[in-house]
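> These protein sequence lines are chains A and B, in that order.
Position 413 (the first sequence) corresponds to 413 in our numbering; numbering is contiguous.
Position 317 (the second sequence) corresponds to 317 in our numbering; numbering is contiguous.
What the hints contain is simulated information worked out from the structure, not anything from laboratory work.
A few of these clues could be false.
Computed, partial: chain A to chain B, Cβ under 8 Å [stated by the list, open to error]:
no., residue
1, L114
2, T115
3, S133
4, Y136
5, F143
6, T275
7, T278
8, L280
9, L284
10, G316
11, P586
12, Q590
Cβ atoms here follow ideal geometry from the backbone N, Cα and C, with glycine treated the same way.
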Amino acid sequence: MTMAKLSNTARILLALVPVLAALPLVLPTYQITLANNIGIFSLATLGLILLTGVGGMTSFGQAAFVGIGAYTTAYFAVGVDLPPVLAWLGGSPWSGLLVGLALTLAVAALLGALTLRLSGHYLPLGTIAWGLSLSYLFGNLEFLGGHTGLSGMPALSLFGIALDRAEGLFYLIWAVLLVAVLVTLNLLDSREGRAIRALRGGQRMSESMGVNSFRAKMTAFLVAAAFASVAGWLYAYTQRFVSPAPFSLQAGIDFMFMALIGGVGHVWGAVIGATAVTVLKQGLQDWLPHLLGRTGNFESIVFGLLIVALMQWAPGGIAGWLAGRLGSHRRRNAPAVPAAADPLPRRTLPKPGELVLEVQRVTRKFGGLTANNNISFTVKAGEILGVIGPNGAGKSTLFNQLSRVDTPTSGEIRFRGHAINGLTARDMAGAGLSRTFQHVKLLPTMTVLENVAIGAHRRGTKGVVAAALRLDRDEEARLLAEARRQLIRVGLGDLLHVEAGSLALGQQRILEIARALCSDPCLLLLDEPAAGLRHLEKQALATLLETLRDEGMAILLVEHDMDFVMGLVDRVFVMEFGQRIAEGLPETIQTNPAVLEAYLGGVE
Amino acid sequence: MNLQIVMLLGQDGLTNGAIYALLALSILLVFTVTRILLIPQGEFVSFAALTMAAMQGGTPVRLGWLLLALALGGVVMDLYAAYRPGGRRRFAARALVMPVYAAVLAAATTLLPLDGIGAAAQAALTVALIVPLGLTLYRVFYQPIAGAHSLVLLIVSIAVHVVLVGVGLLMFGPEGARTEPFSDSGLQLGSVMLNSQTLWVVAVSLLLIVALYLFFGKSLYGKALRAAAVNRLGAELVGISPELAGKASFALAALIGSLSGILIAPITTIYFDSGFIISLKGFVGAIIGGLASYPLAALGALFIGQAESFSTFWASSYKEVIVFTLILPVLLWRSVSHKGAEDEE
């Protein structure tokens, strides 16, 4: 890989290494100790960047996870009170690290399982309660030393190298931190990473594309907890003493403040924030007591006000402000698509004429309102069925039931011969149904290519570990190549690396079609795809849909543009007030009196 | 454990539980109207208790100055909003009422001797200080970001809490304080002596709950607040100002918080940072109510009071752990009965 191919972030990383390597040679030990703390705080904060900045979740339990890591490490390193079964683990730094990680992940998995399915308020409240409980536990458990803590830890020694001085630990801490940054960047630039990035404002869409949002949330939460646990391991060996105070809820809030001040949308925000807060805190602790005439935790007033101001005027934090000035965000997300990648395997499509979708006597009631009343129709492979009707006829309700976003009150829907009762929107995507949305749902700050690649989520299998270690590159190339192929097919091939939010509305609708195609569907549900398109674009869309039909795709099309519908579809299904009023060939529908009355008003 | 102890613990639990229930209702009220999780709710409690204690102890009452500072901050923000480019270039004299009120109160509480005016007058003065505090907090910290993502609102709530705890330390110092009980008499009920403070707490709580019920059920303001809670945009379209709704709900929360503080101060020693733990138990109640149901939240809070009281008896040093762990089964139940992913605005 040449320098030109590297992302900006990788360049920062490469530039940092020699600077960091030189620091212990020029700085006094006191500063190095400070830098060690900054490195440890950065690692814990990095987890929050992934969780809050990327995934849109809030946790105040990060310090508690650091605490589990640190206490486990100290407990095993001191090794005095170990029960006989665990005695063989005593004294080794590795057992503290691994057992600490296992404990942290277990607690995080439990907390996550309890809160991550619920609305966004439960995770922060849950982590506040849990953070408080844990510091009470640390303070009360006899074998953890109670309020006085555990002391007398031996110095860290890894592979025979003694890391007993701040300088040695400095290299270890910052190496771990840089690896964690790299792992985070790798993760974000992957299939699972896209799922995490889609959590903010795109959950309904990504579920319909086959993404498991809960799993994505859990992934982010566990990775964040793991970073915290490793930070705790480093912290314990840096201090060689642990007590409850540094892992209190207050510390958890401090980590959140570091992430916010540094800039929650950028990985480097963790390092910037940890540095800024640590240095500022030192300064404030030095001169606030002079100013106020007494001692106390008064710097929290300044930090609190700073956060309030930041939320009002610069929610991007320092890193966001810097990125805005340097304009680097324009090029941030531009994953290279290799010219040649093996195409992804495709599902066996139904033969032309085979029944794909059967809707039988479907009724959907919302209280007293019957949005769909006794609707029945079928769609075959290689056929386009147009569903038309005035606003409020119940077309979108019907669509939502087909894609399992909604459930019929009565009646049955069969997809490729199987009843779809009990399936989720995600299952439908896996079974070969894909859709677009009437109100465009895409992730405006991600590139066009990345947005479309979300559609191919279920066609990949590589997980977090593979992504972190870059073992997913082959599959990732194939996913991106597929996304590009579909984008070229729909005519957006020139806009691969543009932010999706900058496209015109019509182009965004076309993007949704490419995204739907990426999942290799056999039934496409298109909700008003031609709205906002210009004449030539509509012609191109019609040509595309005809090609898809000829390839054997079944298409269900809701559209208001009658010229577009009548020239394209094989059959038309007309709805009004939730009822079927007509069904048949376009020519006969155009002269059907019931349809004319619905659209033009009756002839008296 | 005999009946005597059970009754004693139950009485303790009821006293605390009633206060948690009040706080849970207030937290729920603010949340449904404004989407804000009012983490600083606890500071209303501790500030009220400590202000009351300062008046009784004859130490300086500084809360008025905090109110004045916030009120002036609010005026500055009003002025900026009115005269920035594109502002309405109008500034109602009405906006000056709050700083004038705050200045008068700050001066009065600083200059007048307050230790001899009687508990009722002290309590009234405390409420008169805390309620406008809630109002100005909303104006200064929340109103500018009222439409923001709920994540941002939560973070600001945490930040405001952190600021207030720091300011609390500055105003009241690190020492805890307790106030004099309202009366010495108790009520003999069979073999059990009902503490007079318990009776006060239960009576005031019931009174407040009935008052809230009447306010929301009968009065126009209450109905407007409820409308704003059900559908913010719709309420705004029919002329209910979201700013008014926000300020009103914060003032109510401050009222409930200050009364809770006054009620709890004779029973428990309150420190500058005690409010958070107390209000968090209100939050646990609100979570049991699913952040939506008032009766469930109140019942949940009463249950928390009992759980806390009895765990004090069995495992005193683990009582907070036990109380906060109680939300886990609630969350489990909510998780299991929850379905589907949804996007939050």
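> Run every hint past the structure and note whether it holds.
Right, here's what the structure says about each hint:
1. L114: Where the cut-off is 8 Å and the nearest Cβ of chain B is about 4 Å from L114 of chain A, the hint holds.
2. T115: Where the cut-off is 8 Å and the nearest Cβ of chain B is about 6 Å from T115 of chain A, the hint holds.
3. S133: holds (5 Å)
4. Y136: holds (5 Å)
5. F143: violated (14 Å)
6. T275: violated (20 Å)
7. T278: It is violated, given that the least Cβ distance between T278 of chain A and chain B is near 17 Å, above 8 Å.
8. L280: Status violated, d = 15 Å.
9. L284: Hint on L284 of chain A: violated, closest Cβ of chain B at ~11 Å, above 8 Å.
10. G316: Since chain B brings no Cβ nearer than about 12 Å to G316 of chain A, farther than 8 Å, the hint is violated.
11. P586: Violated, because the Cβ-Cβ distance from P586 of chain A to chain B comes to roughly 37 Å (cut-off 8 Å).
12. Q590: violated (39 Å)
Against the hints set out earlier in the document, violations occur for numbers 5, 6, 7, 8, 9, 10, 11 and 12.
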